[in-house]
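A.B. asks: The listed protein sequences derive, respectively, from chains A and B. For the first sequence, UniProt numbering gives the first residue as 1, with consecutive numbering after it. For the second sequence, UniProt numbering gives the first residue as 1, with consecutive numbering after it.
Because the hints were derived from the structure by calculation, they are not lab data. Any given hint might turn out to be false.
[As the list claims (entries may be wrong)] Okay, the calculated bits of chain A under chain B, using three or more residues with CB under 8 Å as the criterion: (1) 8-16; (2) 33-41; (3) 150-159; (4) 227-240; (5) 465-477.
Glycine included, C-beta positions come from ideal geometry on N, C-alpha and C.
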Amino acid sequence: MRRLIENRFGLLALVLVALGALYGVAFVSRPAPAAQARPQAVRAPVESVTAVCPAPSGSRVSVVTPADPERPETPGSATLSPIKAPAGKSGKGGDDVIDRPGLLWQREIAAGGGPLVVDATGSMAAGLESAQTARETSGTQRGLAGVRCVEPGAESWFVGPGPAAAEMTLYLANPDAAPANVSFMVYSGEGPVLSERGNGVVVKPGQHRVIRLRDLAPSPLIMALQVSTRSGRVAAAVKAVLGEGRGVDWLPAAAAPATRVVVPGIPGTAGQRELYVATPGDRDTSVRIKAVLKDGSYALKNKETIEVPAGSASSLDLSTGIGGQPAALVLESDVPIVAGLKITGTGVRQDVAFTAGAPSIDLGSVVADGRAEGKQTSRLVLSAPFAAATVEVRLVPTKGAAPDPVEVKLPAARTKELKLTPPKGSKGGFSVVVRPKPGSGPVYGGRVLDEGAGDGQMVTAQPLAMARIWALVPPTVDSPGAVLP
Amino acid sequence: MHSVTAIVVAHDGARWLKETLAAVLRQTRPLDRVVGVDNGSRDGSGKLLTEAFGPGNVLTLPRSTGFGEAVHEVLRRLPPAPAQEWVWLLHDDCAPDPHALQALLWAAEQDPKAAILGPKLRDWLDRRVLLEMGVTVSRSGRRDTGLEPREYDQGQHDGIADVLSVSTAGMLIRRDVWDELSGLDPALPLFRDDLDLCWRARTAGHRVLNVSDAVAWHAEASARRRRRIASSEQHPRRLDRRNGLFVLMANVPFGALVRALLRNVIGSTLRALLFLLAKQPANALDELAALGSVIGHPWRLLRARKARKKGRKQGWPAIRRKLTPPGAALRRLADMVQGFLAGAGPVDSAGRHHAAADPGQEDDGDELLTDSGGVQRMLSSPGVVLFLILAVITLAAERTLLPALLSSDGHLGGGALVPVTGSASDLWRLYIEDHHAAGLGSQTWAPPYVAVLAGLSAVALGKTWLAVAVVLLGCVPLAGLSAYAATKRMISYTPARVWLAATYALLPVTTGVIAGGRLGTAIVIVLLPAYAALATRVIAGSRRAAWGFGLLLAVGTAFVPLVYVLVAILGGLAAVSFGGIRRGVRRSLVIGLGTPVVLLLPWLVQIAREPGRILLESGLHDARLIDPRLGADHLLMLSPGGPGVPPVWATAGLIAVALAALLLRRHQMVVAIGWGVMLFGLLVAIVVSRVGGAAWPGVPLAFAATGLLVAAAHQAHRIAEFRAARGLRRLGAMLIVVVAFATPLAAAALWVTRGAHGPLRGDLSDPVPVLAELQSEPGEGTLLLRPRDGRVGYTLMRGRGPLIGESDLESPRDATDRFTTAVAGLASGRGSTYVETLASSGVRFVTVPGRVDPALQQALDSQPALVRVSLSETGGLWRVAGQVTVPAPPATAGTLHRGWLWAQGGLLVLVLILASPGARTKEPEGDHIEAPPEEAPRSRRRAKEGRAKEDRVPA
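Isolated chain B (complex conformation) (with noise of 0.2 Å):
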């Protein structure tokens, strides 16, 4: 015969209290003995249970008691009964179903193993919820219930389960296993407990069982912060944390304790950081204060583990079966990255208590319905699909440059791109040098491009050669799936925004850029449409857009400064026609443009002293790339000229729908602002092509064409309605389709056709020859010559080809004059000491590429101090007999520039953390914690406002 006494423990709890002991006193079991405790309550919490148990069974005690001291308190007193007694406890927020202690007790009969039993935990507020059916951890210290956040109950877990542990709430345990195990942990006042008891349980033989019939409602109100805490001062977090720790590394043996411990330090390290990045420093302060905590005190640790050591051994092999499989911690970060994409809190997990109260996810029901599998979801999405159209279409086109590039050791390069070699150190290296010794030495600060292309690089495992043939080879499919991406608030009408995207891939810039190696324009490509989305952010007042937004248009001014032209013109006409509607508009425009110039400063500077350099982009300046005489209806049809670029009427489609477009009343302001941007980005493409010397006005066209295809795609959707309607507006929307999307299908037909070929080739050689590599001392160098159009061009490579940005450094004037003198002499053939003059810069052997003109190597050939070491219809190579001196650097103090690198990396990170996104939507505000006494009023509205938020979660 069972006896059950029921211990309800209430703390500041009023608020749930009264339906806690209803539910409690009408129970169809009817309890033997009841016993409330009342934690020093000051909501008048003990007066409810006097009123409901009578006031011979409640006991009054200290405000900073623990649960598991009360709970000894309780049956310290309380003398055992006769029969079989069980200890059924209950928290102030936990209310049991009427039927709830006769399912426990029925499961109980059935296993006489079974000591302790728990109910079924669901919302309190959303009843459908659950909370929890047995509980487990992970190795990591984690809380795992094995649920998704917000499940619905429908009976789908139901059944008695072994479980490693159950909540306290609504814990039914047999009162001699809690004599013999001697109960709770005292040390664990709060969170866990119920964890290690179980534990303990378990270890001793005992089972631990979740009974799914018993019902029981939990509102795990010190958990998610609904009531302060009294029997610790420390944050329920922290201390959640520090507790799963504590339990974790009690209770396992000493090998799987050692782990525990790495796996902990490392992965504890690594949340931190996330929630620093996720601007959640009082999370990651929590995290590793936990950590500190457990391993701070190793004697409390100690003594914990010498109390639990009976039996912890042989139970181990039982236990771990039921701890989280290592697998879930993969998952986790699965679920993790996705909800981050999803906009919620980067760390957010299904382990955390409050999980399931996250009411940012009210409007993803509809895509729980739909379960179909990742992939399945990826390819039914338009914008995966175009990506994959316009990847197939660019590697037809591409046909010529990617075998060579792929198959053998052949250098992509060619027109404004310098062969690519290195790897992401040299770049970096390059970047933080305070003296570069590339060429004939230069004091001058890298351009910070640079660094840019050193972290694309760091991120294709260190090949520069795959970072840039991704973003300069892949810039179609990019810039589409950028384009279609960034279109997503824009406009709503996904063909619309399919057409759009796949129109701006195949702009004649983008064919030019690849076919003329800009890399500073195949970046910037990629980003505009990224600016357009942030831009209508930022003209809304948001800051974490701005930061963003300035962040990306400092990545695009250090390839090509001209954006930050064009975007700081656009930005300041905003201001003035934006900046008196919405508030903050001001603040986050100078942040958006503010940004980059304090992040490029020192190179800015530099750029606007030559004003002409502002029109460049990164990368070779070669004349031969641009059309000096582009003709007026190529600028009009966003033709920049140059190689690789198609006939001129390939865009006469997307002109003429712009222009229909005009014709349409509604949204008459979008098409007018769209008509605006392409205007003036067709006025700045004309003043660069007329006066911008070796300048290419790709990027002013590439804006002219974003505003263009935003004025005709917003007016799309007209399109599904006229197509709904009959006779001639039906026609004519049919025509319209036609003739949009004639111009990207044009495109592609004729890139494909034409391929993509140009300057720009896969399967250049090193500059630098084998033998030239292979024989020269560290720090010499190997001049290469290059006659063309009666012009000897010349360069000084030390050791390896010209690194990108290495062709932006400025040498001193009078030594790169000596130079070219010399470099003239020896080219002429007139003797003297030319060659003396090279050895004393380093040079050791000097190569001709290519078949060597006769002049030009009976020049080299008359040189009594050179010496030819090969001459083949690929080129010659000569070596510098005598004496040759490497330029020793010069001794720079280079403080200001480290200094100034320090700065810019700090910058950089405090950007990232400012424009990173956090969780979008606030959790429920928790002050009360922090929030003093005295501000009693202010914290209860708080608190009014966040009942206020629970109550419109549907219950």
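Pulled out of the complex, with its shape left as it was, chain A reads as follows (with noise of 0.2 Å):
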């Protein structure tokens, strides 16, 4: 030992075993490579939901929440009242209220009158969906019109025939305690449309307002609206009026600019069909149309494409391509483009109907109202563009016991269209809830109604939208670093 320290190389040695030890243990004791798990989202029920049916008077209000075992029970209730200020919020006598989860409510809505609010809590609030439905025979107003009662947001879409052509009618409404500062941006033919008398309005909480659209741009014959807020929210729904004869119906509120959109829900029946592209950008694009069909998806003879110029909006008859039979249209473009579509209804007397640009609905959808008396009929138009898929179709009664839910297969790239027959012992209206499949691709879909009158086919139609059920609620951690980039 002393030889070895009083060596020269005694010392240089040692170390060298010692780091050589360390530089083992350190070796060794690496840990593998971990995969970083990626933290999950946890699925909770929504908890409370406020949607507004934009003008209910005449029409038939549905509302439903479908009843789902996964969910802990827990009481709730919605209440669907009048549109007022916040302050006087609490529910009054004349209010309705509903309790049940897993039947349908419906009610005549007598004329006159504003909005109606719907306001669900607890298991009443996941998945609640509204609708109105109107149906008038005679005079300007014939035709079915039906449109979702949509719940007040920040931004919304509309995509159809411009105030030159129809009739145009924004309803807005604020059921909120903040006021809303709403501007609008129209798109039309020509290119974006800058008002001369501005193009914002302040709703206040509890207001309500109903604005021409030919006042804010009188001459477009198709059209692109974004209804936005800079601050608070808005309920807001359009109505086309085309004129005696021609028809009526809501326009659906379109999904946001997208690079790819899908328009869903294009019934089998005959008639007009006619697409609208328009893009807010300001880079002209060219879009490509694809058609999902019954046996299978390709482009459309001579009309593979349609060009939008920038900020403006363009339209294409399809009725040559996908008329009779049962379709979605995929559009994809360079820069992000909304959509729609106009269904027309056959006879002397035409009904329209619109259905627009829809997210697919992967937690599952339900539509409000369906119809199956006299000659009514109720189709559900499904669509996997993309992929096969699985998707589960259950009716809700008004009352008695729900039917057994029938599973429909859907192959990739193919459109079906179901024909919803009530369930035995049912009378009036139901809903249906479509879920897809675990597995399953995108699905997409809509539902369209009509009535074979006597003088014309009446006809709504409304893309499945995805339901409220459940929320994705993020992993959260209190961490004071998130005050960094």
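Two chains, two separate frames, one set of hints: put the complex together.
C.D. replies: Take a look at the structure:
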């Protein structure tokens, strides 16, 4: 030992041995590469929902919350009340209270009066769906006109005929406690329309406004309308009245601008189909159109693309391509676009219906209003444009037990149309709950309601919207480091 | 024709008296009359006087008689001489040159207005040293000779000078003037009586001259406490100061009096504080007592002023010119600081009587020879040059960080550092408040490093960002300077110190610290060389170094608790190895290691309760800042992983040189210790990086590097030997130098080319949007959400961004859980009353910085109770529309906390005083005053010791 220390190389050797040992320890203890497990968001039922039916007077309002055995039963109720300032928002006598999930609630609303607000909490909130449907057999308003009661939001898009082609009316309602500072933007066939009268309006809490779009932009034949709020939220809806004998319906809210838009829910009935596409950006684009039909998905002959100049809207008649067969359209573009489609019924006196770009219904969808009385037919048009899917379709009656669900297999790139037959013993309407099975590809769909009246078919349509049953609760951490980018 | 009467006043001065008397009698101009006065001497002075002057010429007075009184007594009894009579006053410890009187009288003949003349006074022991050539006084009553301390007389001041006053030692005064002015004031038995007399003489229109041809050697026995003073009970220092103040205040006109009073009250308080810090409480007491004695006897002062009223105002302008100019105070302060840094007592200065006899500066002789300017002296120091070079490298590397920080209102932050907002007072409030309103509220005591940062911010004019930027961004040059300064005693070979400092400053740890925003490690890196330097003195048993070490260790531990563990283990090993060798090592070690524990007590208990926190440092603990799979080669090459670290080969040169140092046989002990520290640090680094979770092995690797650098640099002087040799050895030396310098050069080059980019940024915006800050009521909060990696991170800010240190506070668990659930519900968009829950915690705004995730935006927009205020590419802001209640702070009994804070403050001051350097060499023991007479043998022994010390002073 002593010799080792006194040797010139002794200390060096000792140090090298120690270093080697430490290297070994560090090498052996080095942990294996661990895959970073991404924390998963947790599904939780939605606990409160507010929806506004824009103009229910003279319409039938349907409200439904599907029952779900997965969810714990919690007390909850939905209240229907005329819109009013939040100060007086305490369930007064005249309000309708619904507290039974799993059953459809329907009522004909008397003419006159403003928007209705549906406020739901607890178990009535998860998946609450409401709609208003009007049926007129004569006059300018002849036809079926239905619309989902929408949640107030910060932005909505509507695509359809312009104020020069139809009487377009914008309904705004603000059920919240804060004023909504709303602005509009109209994209016409000739480009964005800059209104001289200013394109903003403030909707105070509890207020509702009805705006004729002709006053904002009188000339467009086709248009895309963006309703957005700088602050606050607003529920917006647009009604199109094409004129005596030419039809009436509400425009469904279209999906926000995206480079791929699916327009689902085109029924297999005869009649005109007109596609509207608009791009709000500042680049011209050529939109590729693909139809998803019963027997496959392909581009339509001579209608492969539609050119849309920057900041404007274009239309294309697709009657010869998809008329008479259930379909969905997949539109792809290099710049974000919004899209809508006009369905025209047959007969001497026509009626129209509108569908629009819609998101896929990953967590399921609910349609409040379905009818099968007399000559009325309800159809469900389901498409799986990208991958095969299996969906479960369940009907919810107004009373009594619900019938067993039906399973529908959708091969990839196919569209299927289901004619909905009401459960036995059910009177009046029914609701439809559509839920993709786990492992399914994205499913898009729409519900079409038509009535074969003597002087012409009456029709209304709505694309399936994702039901607000579940919300994804992200894992949340209190971390002071959140202040850093 | 002149007649000269010499009066020699003796008081216990037999030691000097013999020579004095011989000198008086040997004058080339014979004296007409000589009178000796013995003020009750007990050492045979009276006998000596009688032998020299004859019994008839000696007067014996009581022991308590002062100098002035004695002269008065003689002149009262002595009839005036027929001719123009001069009185020559001499102390018993003042031996005049044989030609002194002749020269004085010659000068008096040249100037008929001259009434008082004084010789040039030199030191009794070191006879070349100048003591006085006329004395003046500053406006604060300080005596000023206008000479440098220990200035040698080379004729540089020679000539006849018109001065404010001369000393009574060797003073030649016309007897009629004496009578006219009624002589020395008996109220001033000792000190400054001369100044008073000369002042009055000048006011009366006479002249006071200093004649350099006349020389006298003066022992200043009373002032230097070579003998006891019997004429006053007080300490000579206090007496000196009191009389100085008194004379000044008695002689200046009223306006100047008021100014002098103010100046002295403030000045004395400050000086007393300085004295206290310098651990000279006796001096502080004297300072205050002197002032109190003057102010406390207003009647005495008024009487004195009344007596001096005549001509005072008219004479003032002429006298004012003779006072020390005000600028001299600044110069004295500079001298003081310089002296303090050089290790002298902090408040010694030229004005003190005994300044000339300070034997502590013997070894500074060579420095007196180089008379270079301060700037030149600084620039020629390798340490300063190194600092400047490192600063330039730092500026070049941080070119992306600094402009944003300096130009706009960008905030420094990122990595482990929250955006630095707030001021020193905010930090201070955070430290002392019992209840922290920040976030969800917390009752935990703020971590102690907040106090350190508050102190640093206060130094940086209250700007926390400046303090943090200097410490964090400037940690490379600071570490270099610290390493260079700390190795002064360890390594004598300057190039080796430069290499060590540069390598240390550019370690991978340092650049990693800057990129990761690790303020705590940055501070530890700057302090680490100081630990090493102080540790060597602690091992040597220095108590003062131990206190300093403890204090600095407490600072480092507050930021990085692991430092304490490392130091404690090394200290334990040192105690085992050195405890038996040197006395007092154990005690010093206990002081050094105990001080941090005491200063950081409650916080350390918290840390000990959660042992995982020992491995963590101050600031945010972000797992993205560390490399969880740090390779073994990285660890061995001192690379801690994470952002901002150079490639692994950058430190290869350092390791190679340190290994080579093992081959040299001399001083193997130091090398072995250095390598031991390295291996120990490495082991700890491996442990930290493997078990620490979010811990970063920076500090243990810095420890390892320190050991390695000391081992390598300690042997570097052998390079010089090898270089002097020829052939292979010379080549080897060159090779080693190249390899050694490759490490810092490569590190600097890599750092500059890559730039100090990383999580740390200088352009962060305030996390609280301006709108939210403006529209929030006090106490209302802004909830910040940031989705990242599938998680939503949130933090609640009350009106301002989080301060450094607030991330370490803990909120009550149930409140946090409730709040987290509410935030999750809010971010999910499922509705319900989550917003109300948040509002009940005082949330007024919800902000999402950066591009807002569409799902999150949807979720927030779907909340009826939230109103969107703005949404853009830079972020979104929502406002809670309903009622927001700010939770009231709970009533807390913070007495324990308050008490602890006071105790901590007191302990800190105590440690500071114990640690701060006093005078390095003590003044000659002056225990004569304090020593009671019965302890005479001991005091004699001390006197002997004192003499022995004096004898070493070169003659």
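A.B. asks: Could you work out which earlier hints the structure fails to respect and list their numbers in ascending sequence?
C.D. replies: none
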